[in-house]
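K.L.:
Chains as they are written, first to last, in the working numbering: chain A, 1 to 430; chain B, 1001 to 1061.
Any given hint might turn out to be false.
[What the hints assert, rightly or not] Derived lysine to any residue pairs resembling SDA-like cross-links, with alpha carbons at most 25 Å apart:
#1 A:K71 / A:N276
#2 A:K71 / B:L1025
#3 B:K1031 / A:A386
#4 A:K392 / B:R1029
#5 A:K392 / B:L1026
#6 A:K390 / B:L1025
[Stated by the list, open to error] Examples of chain B residues toward chain A, derived with CB under 7 Å:
#7 Q1004
#8 P1006
#9 S1007
#10 V1012
#11 T1017
#12 G1018
#13 M1024
#14 D1027
#15 V1036
#16 T1040
#17 G1044
#18 V1045
Treat the hints as calculated values from the structure; they're not laboratory data. Virtual Cβ for every residue (Gly too), placed ideally from N, Cα, C.
Chain residues, written in single-letter form:
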Amino acid sequence: MVRQVGAVLVVVMALGGCATEKTSSEQLARVAKDWSLSIRASQVIPVYPLTEDVQPGDVFLVQTPVEEQVKIYMDKGFLPLENLLTRLPVTGYAELYRGWPRVGDGEAAPPRQWQFPNPDATEPDFSRAPLAAFPTYKFSVSRSSGLSVAIPVQSVPVGLNLLDSASANGTITLKDAYTYAVPARKTYDAILSWSRANIGYLEQFEPAAATQDGKSTTKAFYLRVINRVYLVKTVDVSLFSNRGFGASGSAGVPQPVQLLNIANASDAANQFDAINQILAKASSPVGAGNAAAAGSVGEAPAPVAVGGSVKLAMATSRSVSFVETFHRPLVIGYLASDYAILKGGRLATPVPTLNTLEGHPVPASRAIAYQGCDANCLQIRGWLKAPGTKAKLEDWLQAQGGAISISDLETGDHADLRQRVVKELIEGSN
Amino acid sequence: MALQPPSPQTSVPRDDTGNVVDAMLLDARVKWIAIVFEATAADGVDRFTVTPYVEDPTTGG
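Bound conformation, chain A alone:
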């Protein structure tokens, strides 16, 4: 009985985030990356941490250069969502989901009618949302990793404590997954309209000259517009202890809790019930400690606990399985389009974010707006007609940061570079 109370105490500590071990940022990053890589393997850009508040039409200002984004994406496995600029009033759901029950534009636009089926509803109803499925995700976790901090589902640290194990292997199955989208063509129209109304704001993010590693380059900014999101309501977590049999038998060391002792079925059932009651209290939206306060008239509702409700589903001396259910489905990933912000705050043509990040071939590279052929452009065109000048210009461009093409140089947004070409190559050779 003492052992059981001890185990329960450890569970509650884990839920409260009171891990006493020193957290290891490397381990935390590793867990975040493992999670994100599994989502990414499904050709979805992971959201980390999980959130309900991302939806198609959300516009983020990305101030990280593409090269740096790729590096972050590869290193961390996910991209932090930077500044949320606006939520576009997108339409097109009715057309895209023609015949789909309860999906339309305006008030019927997803996900509100699934999150809040009617004004008085306390329970969400995603039964009519388009379904999605994800493969099972395998991971390794150790107690020294800081437990409850980085893992998107709280079942993992709880399970690790129940197993009384320093490390474990596990699987996460994403169940009750949903997806919905708005046509990229509609978000394109909406972002263009928004950008025209906010061109003064966007102008401050036009490409700026910068120096990197001694080379002059251009710092570009982007708008990232979400087109599709993926949500998950239920997560099954199974953990298998790495502890060897008999490894914890020394005197004075707490013994593993025998949660499922088939020889005594009633004891096992009681232990399951006791643990699930404590898990329910610790993860309920209104914790036991503030339930009374929440009930007071005129007071703000108590804060909702992070994560969902956790229920122990199965346990042996070396493994535990949990079912974790979020109160409402959370967004775990998205698909989006990137729009480069050009000179004057205009937007370039969209490029799928995933293509940018994973280096997938894009039919054409990022489009630029024709800037006209100025005096330097005309001079370069004339000079290029002479033999040997093309190779000379290519060598010069390669020596510059970015190594842009000749056609981009001539009529793209590169007035400074054209000026330098004229000075250093054309006039310098006379």
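Guided by the hints, dock chain B onto chain A, whose structure is given.
P.N.:
Just chain B now, with coordinates in the frame of chain A:
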């Protein structure tokens, strides 16, 4: 390190489309170029999007 492939250019006026195509074809990797009419601007000038491809856009090869 090779230069980046030419970028597609939008809003290219009719009278400079040929020059832009010329400049794109200076890159030997460019094998196809699409010229798509955008609109006639308020000043009466026809504008085009000029898109270079290093792979056959119809077959991907």
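K.L.:
How about B:S1007: closest beta carbon in chain A under 7 Å, or not?
P.N.:
5 Å, holds
K.L.:
Hold the hint about B:V1036 up to the distance rule: shortest CB distance to chain A must be less than 7 Å.
P.N.:
For B:V1036, the interface hint is violated, since the closest Cβ of chain A sits about 11 Å away, which is over 7 Å.
K.L.:
Go through the hint on B:G1044 and say holds or violated, using the shortest Cβ distance to chain A against 7 Å.
P.N.:
This hint is violated: B:G1044 lies away from chain A, its Cβ roughly 16 Å from the closest one there, beyond 7 Å.
K.L.:
Going by Cβ atoms only, is B:M1024 closer than 7 Å to chain A?
P.N.:
Status holds, d = 5 Å.
K.L.:
Can you verify the interface hint for B:Q1004: is its Cβ closer than 7 Å to any Cβ in chain A?
P.N.:
6 Å, holds
K.L.:
Restraint: B:V1012 near chain A, CB-CB cut 7 Å. Satisfied or not?
P.N.:
With Cβ-Cβ at 4 Å, under 7 Å, it holds.
K.L.:
For A:K392 and B:R1029, compute the direct alpha-carbon distance and say whether it is at most 25 Å.
P.N.:
Cα-Cα ~18 Å, so holds.
K.L.:
Would the pair A:K392 and B:L1026 pass a check requiring their Cα atoms to be no farther apart than 25 Å?
P.N.:
13 Å, holds
K.L.:
Quickly compare the C-alpha distance for B:K1031 and A:A386 to 25 Å and report which way the hint goes.
P.N.:
Roughly 23 Å separates the two Cα atoms, so the pair holds.
K.L.:
So, as I understand it, the hint says B:G1018 touches chain A; can you test that by seeing if any CB pair is closer than 7 Å?
P.N.:
Cβ of B:G1018 sits 11 Å from chain A, so the hint is violated.
K.L.:
Does the interface hint hold: is B:P1006 within less than 7 Å of chain A, judged Cβ to Cβ?
P.N.:
4 Å, holds
K.L.:
Keeping to a limit of 25 Å between CA atoms, is the pair of A:K71 and B:L1025 held or broken?
P.N.:
With a Cα-Cα distance of about 32 Å, the restraint between A:K71 and B:L1025 is violated, given a limit of 25 Å.
In the structure shown, a violation is registered for the earlier hints numbered 1, 2, 11, 12, 15, 16, 17, 18, in ascending order.
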